[in-house]
Amino acid sequence: MSTQPPVLEVRDLSVTFARRSLLPSRRQVSHVVDSIDLTVHKGRTLGLVGESGSGKSTTAKAIVRLAPARSGSVKLNGVDLLSLRGEELKQARRRVQMVFQDPYSSLDPTMTVAECIAEPLAVHRIGARASRRDTVLEMLEQVGLPTSMADLMPSQLSGGQRQRVAIARAICLHPDLVLCDEPVSALDVSTQNRILQMLADLRSTHGISFVLISHNLAAVQQLADEVAVMYCGTIVECGPARNVTALPKHPYTQALVAAVPYPDPEVQRKRERVVLSGEPANPANRPTGCVFQSRCPQVMPVCQTTTPALTDDGSGRSVACHLYQPIVG
Amino acid sequence: MTEVLRVDRLHVDARVGQKWLPVVTDVSFAVRAGEIMGLVGESGSGKTVTCLSVLGLLPRTDVRVRTGAIWFHDRDLTAISRRDLEDVRGRSIALIPQEPSASLNPAFTVGDQMTEILRRHEKLGRAEARRRAVGLLDEVGIPAAASRLDDYPHHFSGGMCQRVLIAMALACNPEIIIADEPTTALDVTVQAQILSLIREKAAQHHAAVLLVTHDMGVVAEVCDRVVVMYAGQIVESADIVPIFHRPRHPYTERLLAATPRMVQHGEIDPPAFAYIPGSMPRPGTYATGCRFGPRCAFHEERCDAAQVPLRSLPEGNLARCVRTDELDFAETRSRA
Amino acid sequence: MTILRRPSVAISLSVLGVLALAAILAPVLPLADPLRGDLMRSLEGPSAQHLLGTDTLGRDVLSRMVYATRVSLVVAAGAVLVALLIGAVLGMLAGYFGGKFDSVISFITDAYLAFPPILLAIAVLGAMGRGTVNTVGAIAFIFVPRFIRVARGAVVARRGEVYIDAAHVIGASTSWIIRKHVLPNIAAPIIVQAALAAGFAMLAEASLSFLGLGVQAPAASWGSMLGDASQQIYRQPLLMIWPGLAIAVCVFCFNLIGEAMRDAMRA
Numbered sequence: 001m002s003t004q005p006p007v008l009e010v011r012d013l014s015v016t017f018a019r020r021s022l023l024p025s026r027r028q029v030s031h032v033v034d035s036i037d038l039t040v041h042k043g044r045t046l047g048l049v050g051e052s053g054s055g056k057s058t059t060a061k062a063i064v065r066l067a068p069a070r071s072g073s074v075k076l077n078g079v080d081l082l083s084l085r086g087e088e089l090k091q092a093r094r095r096v097q098m099v100f101q102d103p104y105s106s107l108d109p110t111m112t113v114a115e116c117i118a119e120p121l122a123v124h125r126i127g128a129r130a131s132r133r134d135t136v137l138e139m140l141e142q143v144g145l146p147t148s149m150a151d152l153m154p155s156q157l158s159g160g161q162r163q164r165v166a167i168a169r170a171i172c173l174h175p176d177l178v179l180c181d182e183p184v185s186a187l188d189v190s191t192q193n194r195i196l197q198m199l200a201d202l203r204s205t206h207g208i209s210f211v212l213i214s215h216n217l218a219a220v221q222q223l224a225d226e227v228a229v230m231y232c233g234t235i236v237e238c239g240p241a242r243n244v245t246a247l248p249k250h251p252y253t254q255a256l257v258a259a260v261p262y263p264d265p266e267v268q269r270k271r272e273r274v275v276l277s278g279e280p281a282n283p284a285n286r287p288t289g290c291v292f293q294s295r296c297p298q299v300m301p302v303c304q305t306t307t308p309a310l311t312d313d314g315s316g317r318s319v320a321c322h323l324y325q326p327i328v329g
Numbered sequence: 001m002t003e004v005l006r007v008d009r010l011h012v013d014a015r016v017g018q019k020w021l022p023v024v025t026d027v028s029f030a031v032r033a034g035e036i037m038g039l040v041g042e043s044g045s046g047k048t049v050t051c052l053s054v055l056g057l058l059p060r061t062d063v064r065v066r067t068g069a070i071w072f073h074d075r076d077l078t079a080i081s082r083r084d085l086e087d088v089r090g091r092s093i094a095l096i097p098q099e100p101s102a103s104l105n106p107a108f109t110v111g112d113q114m115t116e117i118l119r120r121h122e123k124l125g126r127a128e129a130r131r132r133a134v135g136l137l138d139e140v141g142i143p144a145a146a147s148r149l150d151d152y153p154h155h156f157s158g159g160m161c162q163r164v165l166i167a168m169a170l171a172c173n174p175e176i177i178i179a180d181e182p183t184t185a186l187d188v189t190v191q192a193q194i195l196s197l198i199r200e201k202a203a204q205h206h207a208a209v210l211l212v213t214h215d216m217g218v219v220a221e222v223c224d225r226v227v228v229m230y231a232g233q234i235v236e237s238a239d240i241v242p243i244f245h246r247p248r249h250p251y252t253e254r255l256l257a258a259t260p261r262m263v264q265h266g267e268i269d270p271p272a273f274a275y276i277p278g279s280m281p282r283p284g285t286y287a288t289g290c291r292f293g294p295r296c297a298f299h300e301e302r303c304d305a306a307q308v309p310l311r312s313l314p315e316g317n318l319a320r321c322v323r324t325d326e327l328d329f330a331e332t333r334s335r336a
Numbered sequence: 001m002t003i004l005r006r007p008s009v010a011i012s013l014s015v016l017g018v019l020a021l022a023a024i025l026a027p028v029l030p031l032a033d034p035l036r037g038d039l040m041r042s043l044e045g046p047s048a049q050h051l052l053g054t055d056t057l058g059r060d061v062l063s064r065m066v067y068a069t070r071v072s073l074v075v076a077a078g079a080v081l082v083a084l085l086i087g088a089v090l091g092m093l094a095g096y097f098g099g100k101f102d103s104v105i106s107f108i109t110d111a112y113l114a115f116p117p118i119l120l121a122i123a124v125l126g127a128m129g130r131g132t133v134n135t136v137g138a139i140a141f142i143f144v145p146r147f148i149r150v151a152r153g154a155v156v157a158r159r160g161e162v163y164i165d166a167a168h169v170i171g172a173s174t175s176w177i178i179r180k181h182v183l184p185n186i187a188a189p190i191i192v193q194a195a196l197a198a199g200f201a202m203l204a205e206a207s208l209s210f211l212g213l214g215v216q217a218p219a220a221s222w223g224s225m226l227g228d229a230s231q232q233i234y235r236q237p238l239l240m241i242w243p244g245l246a247i248a249v250c251v252f253c254f255n256l257i258g259e260a261m262r263d264a265m266r267a
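Residue numbers (our numbering), protein chains in the order written: chain G, 1 to 329; chain R, 1 to 336; chain X, 1 to 267.
Extracted from the complex, chain G is given alone in its bound form (with noise of 0.2 Å):
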């Protein structure tokens, strides 16, 4: 597998916000990504968790363009996605799609199921009409919805379903990577599962990787591989999805599990939690040292004066955190 280049190799990416103003005093510049390094290789699935306002959905919208990076590289089987310009890019994008949280807001209601699924085709003009709808019809197939549904419009469709119709049109130009962003907060309990488990059989079918996108660790944790924890902008721990979220390092991941609610009243009401309190910090106004002093239970004074670096403990799992850094000096 190594020898292979990771199908999304993600260095030293940083995405900032400018407030323009006229007055100097109330311009500013927010580091929305600070510096991320992520990796996925063929086949493989990561979670990227963190709060609203964590970076987590810009990270993934720089990814595929629709948010300006600011610096670092975004590979692509070995392609820098962020120095392509024109067709080239418009090529590359065949490689990379992604499924939106909305699935009321992503699909153009002025167009059919099967107009929506064709899309991606009709726009890198790949087969003829009449053989862009077989593949429409075999996508709706791969995605467990009726080939009768081919001709409604999205809004006679359940979140569920519509949600499928994303996929299916994520999955339609047979993609590499595909990123999803919060893909099932929309949707009814019942029906989150499915849709996971769609994703997952996909993944072994077509090989596809995937990037999924959660404020919720629960959500991640059956279909992940890897797990990166995104805080104010800056990965604060990622490792072997197994090993994060059974023992969780910093204490922000601790807190994300903790969140979690078991569903077992009597197991919920004597768990000992760490409940966080405050708010999430502004990356607008970012403090010096740790981006999580603020609501860290465990805050020490050089979380105050120095950042943490993203340190390897040996087995794979990275955490940025005082209480594990070796101590230096």
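Any given hint might turn out to be false.
[As the list claims (entries may be wrong)] Ranges between beta-carbon positions, derived for each pair: (1) R:20 x G:153: 23 to 33 Å; (2) R:325 x X:263: 54 to 64 Å; (3) G:185 x X:191: 31 to 41 Å; (4) R:108 x X:238: 30 to 40 Å; (5) R:108 x X:231: 56 to 66 Å; (6) R:304 x G:87: 39 to 49 Å; (7) X:3 x G:205: 38 to 48 Å; (8) G:122 x X:8: 39 to 49 Å; (9) R:108 x X:100: 33 to 43 Å.
If you're looking for bench data, these hints aren't it; they were derived computationally from the structure. Just so it is clear, CB atoms sit at the ideal spot from N, CA and C, and this is done for glycine as well.
Please arrange chains R and X on chain G, whose structure you already have, making use of the hints.
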């Protein structure tokens, strides 16, 4: 314990095109003083319509209560005048809405919106209302409450907006708070804070809570009793522990199995992807027998014979299933 | 199309349909020559020979009314079409690309809308000269900013939609996105605006022609007929009724249709 609210044989119809179709069928339940009652269901279950009926906030042209009563103490909320209802709604029944950021008027400061309630329902003067508002914001954990009173809603995060709305709900010391999916739009980390805040404040103010949600994890965290709805009907109703440990309706059991949870210590594999095949039937397409029948793993011919009644079980809970005594969910769990 | 089931829309459409049909079929209908007059029989009341009477020059009013329908409808429709094309394109580009282009367009539009429309049209005709074609141009000119506004507003509201992002991700070009995703989604408000504008354009044409600035003799529009008739208001008051009625009915029909479409869009 005294009952604060009793929904009695409620039937609600909604207009679909030219036809009126039932969306809530024969729903009865009571909320007792001081308890947190969970009203659980997915979209299309009728839980939102039920809670809007209690609040008298149904869009009258499209949804109407056909029969039934909603007793708040000894007054039937479906039969009293609009004026009286508005008075009850502001003062004795409060709402914590689903979309915190959309539920505050962006054109007015948080202080304006809070003092308006206090001045209208509590007949307080301007200065006194402001003082109370600061106290309430402080109580729900908003730091530097006095200085935030003059901020506009967009200066608050989603979690902070929800705290403001909880403060507004508490403003007139209501007897019952209806919380409509209060944490669905929030991060899981903020969800935990908001839920414990609701639980704590309800206890302090001796208010009962009707918590509407689709998430059994939320229910496990705060509720005392649960009513589960499916396709406009109650399918199961029980105390909190029994419903989690021994669900008596297949839908409840599947809903529990589908609830996302973290791997526990000692578990080797993450929980399997449990889900319910098919989708919630739309109004007008309900099965004649058991409405969950078409999606149920335990479905038999006799399930379709006639409407299934909500039966009282020896443990004191209710379930709408003809096979409830013979079901063994352990088997489906291992199969899934 | 449930909107067609509304009686107000059905009736309005039938009325306009009949008028349009009459305008198209005018040469083959059994009508008198609208230009041939008989001075001996000027300003006659309705009779079997001249159903609506005759005008100052003794021309058949019914025939002139039917031919005037052609002019009135064509001028109104032409003006709206021109304004729609220019306004929708400018508004869409301003809304989609934003930035400086949008600022400039919006500023001009706002300044433009500060003037009373009829005055603006009079000024344009004053500069360009009278005549039917110029009337179309002048009326189109006053409607351009309205269409810019509507199109820009609709595009700005859609620009943030996730399906636009989704189209970028699959590699769609800007022109693809505008054609496939922006246009179909803003068509409805633009069509509504067009229906409402058609009524007003008809009124504007009538006003201009009434003032003698619009359609020039010997051609006639309802407005110019109304203008001519107003000269004879004491000798033959009936003469003013016909064009006045036609204008009122037409404007009313266009407005009813526009309002109904707007309601349908909101629902």
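Against the structure, the hints:
Separated by about 25 Å at the C-beta atoms, residue 20 of chain R and residue 153 of chain G satisfy the suggested range of 23 to 33 Å. Separated by about 55 Å at the C-beta atoms, residue 325 of chain R and residue 263 of chain X satisfy the suggested range of 54 to 64 Å. The supplied range of 31 to 41 Å is met by residue 185 of chain G and residue 191 of chain X, whose beta-carbon atoms lie about 37 Å from each other. As the Cβ distance of residue 108 of chain R to residue 238 of chain X is approximately 60 Å, the hint placing it in 30 to 40 Å is violated.
Range check, residue 108 of chain R to residue 231 of chain X: Cβ separation about 60 Å, and the 56 to 66 Å hint holds. Between residue 304 of chain R and residue 87 of chain G, the C-beta spacing of about 59 Å breaks the proposed range 39 to 49 Å. Hint check: residue 3 of chain X to residue 205 of chain G, Cβ distance near 46 Å, so the stated range 38 to 48 Å holds. Our hint of 39 to 49 Å for residue 122 of chain G and residue 8 of chain X holds, since their Cβ atoms are close to 40 Å apart.
Evaluation of the 33 to 43 Å hint for residue 108 of chain R and residue 100 of chain X yields a pass: the beta carbon distance comes to about 34 Å.
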